[in-house]
Every structure is written in structure tokens, then in C-alpha cells.
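K.L.:
Residue numbers (our numbering), protein chains in the order written: chain A, 1 to 284; chain B, 1 to 284.
These aren't lab readings, by the way, just hints derived from the structure by calculation.
Quantities reported herein were computed from a predicted structural model and do not represent experimental measurements.
Some clues are possibly wrong.
[Claimed, not checked] The calculated label-pair distances, taken between Cβ atoms and stated as ranges, are:
(1) B:Lys30 - A:Glu263: 42 to 48 Å
(2) B:Gln25 - A:Thr253: 45 to 51 Å
(3) B:Gly280 - A:Ala172: 56 to 62 Å
[Said to hold, decoys possible] Calculated from the model, a selection of chain B residues having no Cβ within reach of chain A, i.e. all distances over 10 Å:
(4) Ile62
(5) Pro112
(6) Ala136
(7) Lys217
We put the CB at the ideal spot given by N, CA and C, even for glycine.
There are 2 protein chains.
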Amino acid sequence: MDFNKITIIGIGLIGSSLALALKKQGFSGKMTGVGRNQENLIKAKEMGIIDDYSTSHAEGVIDADLIVLASTVGQFEEIVKNIRDHIKKGAILTDVGSVKAGVIKKIRPLMPEGVSFVGGHPIAGKECSGIHAATADLFNGAKCIITPEEDTDNEALDKVIGVWKKTGAVTAIMSPEEHDLVFAAVSHLPHVVAYALVNAILDVDDNILRHGGRGLKDMTRIALSPTELWRDICSYNRDDILITLRKFSSSITHIINLFEEAEWDTLEKEFTRAKEARQGIEPA
Amino acid sequence: MDFNKITIIGIGLIGSSLALALKKQGFSGKMTGVGRNQENLIKAKEMGIIDDYSTSHAEGVIDADLIVLASTVGQFEEIVKNIRDHIKKGAILTDVGSVKAGVIKKIRPLMPEGVSFVGGHPIAGKECSGIHAATADLFNGAKCIITPEEDTDNEALDKVIGVWKKTGAVTAIMSPEEHDLVFAAVSHLPHVVAYALVNAILDVDDNILRHGGRGLKDMTRIALSPTELWRDICSYNRDDILITLRKFSSSITHIINLFEEAEWDTLEKEFTRAKEARQGIEPA
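The task is simple: from the sequences and hints, build the whole structure.
P.N.:
So, in C-alpha cells, the structure goes:
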């Protein structure tokens, strides 16, 4: 990693874990953390996650060779507005956001001359958030999607891929648009469904959720995720999530019809289709 | 356990685990297994799960003091028809089915004089089925719902509760009707939703499921469950599952509307409602 200074904006689970992973892999330059919560930054410094911190976006990015946006995607536009006049020429800006096209559309017009942007999305996370959940191996073996556009600088692209490979992540390339539809389906939809499922059970009777077994707990674990983060993802990837929500709604309506018509053979075929596809993504 | 002979009909995960648990807790009488697949029964005997077996329902229950229906609920009616003239007077019939009222309605008119029926439902299971997944501690710490009716014999009820306590299960009493609505909401609905979610993702693009991370895997793990079992549960608990599916469908429609109207504050409130309720059933 030929960076002298890396600035990570947003010192939560992902930002902290990235800092720890890069330090573990030999990064010996300055790791600067930027965030709103000074207490959190002091703690992160004490824990050796960062070497230095600032509560000012503008101040934090001065002299950085690599800047990583690791806050929730809803804050990216404001952050880029704050830092654009302070980023040094030749620096690379990247992010870890779960939504790409909608965010890129907002920050691209703000990008200063001579600074390269390369989008990234590590597929890692836990329900528990914050620096205390951070580990150097969070990305080890995880996928990380890199989303270059047609005019993305090749050298910057290679460097960002190199950063993620250092963390042990397996990188894959997608266009921002492909990324957003794929993750609307396999990540955003399931999160929204998990929240809706819990609420539907509360609507049946608000005292019965406690009877749920391991199956229900596994299925609704992602409803423990930070709601602000998911609100932002929903608003930034609205159109793609709507496509998947409508498909899912049709799927549920179809199943309700099968129940009403007592079409048990057809219902079992639907179950078998799902089971066989799910078996294809083992390990369970 | 004052039983000389226990017959378990259906030597799968639940039936085998019950046999192992009772043997471990000191049952020293004869444990007979009954099933359709002789090879499976021979294997179960070799593994010490059962002492004896029969492929005939009628033959298997002769002299049994306790008979446990542990096949899929769709087979219960036929089994009771086959065994009714062969059960000894004073014997207790119980089951481990995930649906109660609809099944009881079918088997109750078939029950012979002098035989007591007590419904039971251990809330335990795995996606992997069969005798090789069986363990003596499957029920240890799990809930087991016992569903007596108004005229259930008290002594038989106490004995069935005693059997489950021996396995380490925590028993709770519900009416068959209460049980069925509660488990339609917290178990049957989530299973149906898991299958529908996988199918909706396939409908978006049948090549993207593999991009799913741990969240999707956790959420769709129950789609690996045996489809025949779930077909039976759906058909036997049709009305209650329909109630919950309609609530869930409304919940999804409401969310689609919030996306369409870009009502992000309201959406986040929905997420928060679900998250707080889900936090109430920790451990995660």
C-alpha cells in the first residue's frame, strides 16, 4: 500500500475494521479517523484503531492519499461538499456504501479535478455496530464489489482493489447499476422483509413474538440492523428496491391464492423451487 | 417414566431424538420404531435409537403404553385408522405435530374407547432431517407446547408433560386453537415467507442468489426444510396461516406505498418498531 495517510470518515464497525485490517497487514502510515462523535474517536485512538482524529471533515482529509467514506450513505453528499476543496491532487476517494448508482450521481458533480473516485462495497457486517464490534478479520474471505464507471482511472481502480485484497476480501467488478439491482434483491429486499415480518407478527398479536424458535430468530436477526442506515439505503436505492418489493409482493399474493384454492401440489412445487435454489448457495 | 413399551411412529429427526433422550434419561423398557422405510429402521436399531421395529403401524403399537406420532402431520389420520383396533386400553397417544386443531378434528372421531390423546409440539428442529441428525439433547432447553382439550384425561396429561420434562424441554400449555394461531404467526408464516423470498429473488434474476451474504443465508435457511412437511402444515393450518399471510401482505403493501411516496420518516418508524420488538426476544 503506497499511501502515506489514509483518512476514514465514519469510525463505526466497517471503518474501524478496515483500519484494523490494513494496520495488521502492514500499513505504517498515518491512519486518521473522522466522525461526529469525539468520544468515539478518542476511544478508537486509545484502542489503536486510528492514530489521529478530527471532527472536521475538511481538516481530516488534508494530505490524505486515500479517503474512505464509511459513514451511512445518506451523509456522503454533505461530506464530499465539505472536503472537496481540501483533498490533495492525486488522492483517491472510495466508499463502502451499500448503494452505488444513486450515490455516485450525487457526488460525481462535486468531485474536484485530479481526484479519482472508485466505488466499493464490502459484503460484511454484523447486527452489532460500532468500534467495539470491529475486528481485523471482518473482511477476510468476504466479497467486496468494486464498481468502476467507464471513465474511472485505472491506476486508482487497481489501488482500491489492492486495498481490499489486503484485508482478505475477494473482489468482484460490477457496474454501479448492476450492483444496485443485485443488492436490492439479495440484501435490501431481505432486510425490508425482515422488518415487515416482525411487524406482521406484532399485528397478529403483540405478545406472541416470544414464542418464536431458532428459525424465526435467524430470519429476523437482520431486523436488529441500524434503522438510520437502512432508511438511507432505501431512499438511495428506491427504484431497484421497489422492483424487488413488487416481485416479492406478487410472490406472496400468488401463495395466498394457492392457499385459498387449496392448491397444495402447486404450493409444494413453489417450496421445492426455493429449496433447490437455496441449496445452491451452501454452506447453510 | 412408568411405561413398559413406547412406540414411536416416524423415525426421523424428532422421533429419533425423542427416543435417544428418553433412553439417556433412564427409560429401560422397549422402544419400538415404526416407519415406511425398513432400511432406515434397521439403521436406527443398529445405532441404538430403537430396540425393535415394524413397518406395520398395527403391529408396532401392540402392547405399547405410550404411542408417539412423529411422522408428518399429513399421515396422522391414516396412521390412527391403522392402529385404532390394536392399541391397548389405557394407552396414551400423543404427537409432535406443528399443527393441532385441524389434526385433532380428524383423529378425534377415530380414537378408540379407553385410549387418551394428548397433543404436543416440541419447538425444536433443524433443517437437516433424518436419524443421522438426531441427538439426545435436541429438546434440552427447548419449549414444548402441550395442547389439552377440555375433556383431556388429567393423568394422561401429566404423563405426557413428564415425558417432555425428562427430555429437558420446558413445557407450556395452550389450547389447540391458540397454539395454531400463535405458530401460524411465529413459525408457519416465516417458513412460507422464506420460500417466497428465495423465489422472488430468482424472479428478479435467477443467477444472483449466490451474491447473498450472511444475512440472506440466515434468513432463508428455513427454506431448506422438508417441503412435504411444510405442505402438510400449510394444508392443516390453512385458515390461521391465511390470517397471518394477509397481515404480512398488508405490511408489504404499506411499505411499497411508503417507497412510492418517499415517506422515509414513516418507513424508519416501521423499521424501529420491528427492531425494538426483535430486541425483546434476545439472545439474537
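K.L.:
Hint by hint, say whether it matches the structure.
P.N.:
Now for the hints, and whether the structure bears them out:
Separation of Lys30 (chain B) from Glu263 (chain A) is about 43 Å and conforms to the stated range, judged on CB atoms against 42 to 48 Å. Our hint of 45 to 51 Å for Gln25 (chain B) and Thr253 (chain A) holds, since their Cβ atoms are close to 48 Å apart. A hinted range of 56 to 62 Å is violated for the C-beta pair Gly280 (chain B) and Ala172 (chain A), which are about 38 Å apart. The claim that Ile62 (chain B) lies off the interface holds: its Cβ sits roughly 34 Å from the closest Cβ of chain A, which is beyond the 10 Å cut-off.
The non-interface label for Pro112 (chain B) is consistent with chain A: the shortest C-beta to C-beta separation is roughly 30 Å, beyond 10 Å. At roughly 18 Å, the least C-beta separation between Ala136 (chain B) and chain A is larger than 10 Å, which holds for a residue marked as non-interface. At the 10 Å boundary, the C-beta of Lys217 (chain B) falls inside the reach of chain A, the nearest C-beta of that chain being 7 Å off.
Comparing the model with each numbered hint stated earlier shows that hints 3, 7 do not hold.
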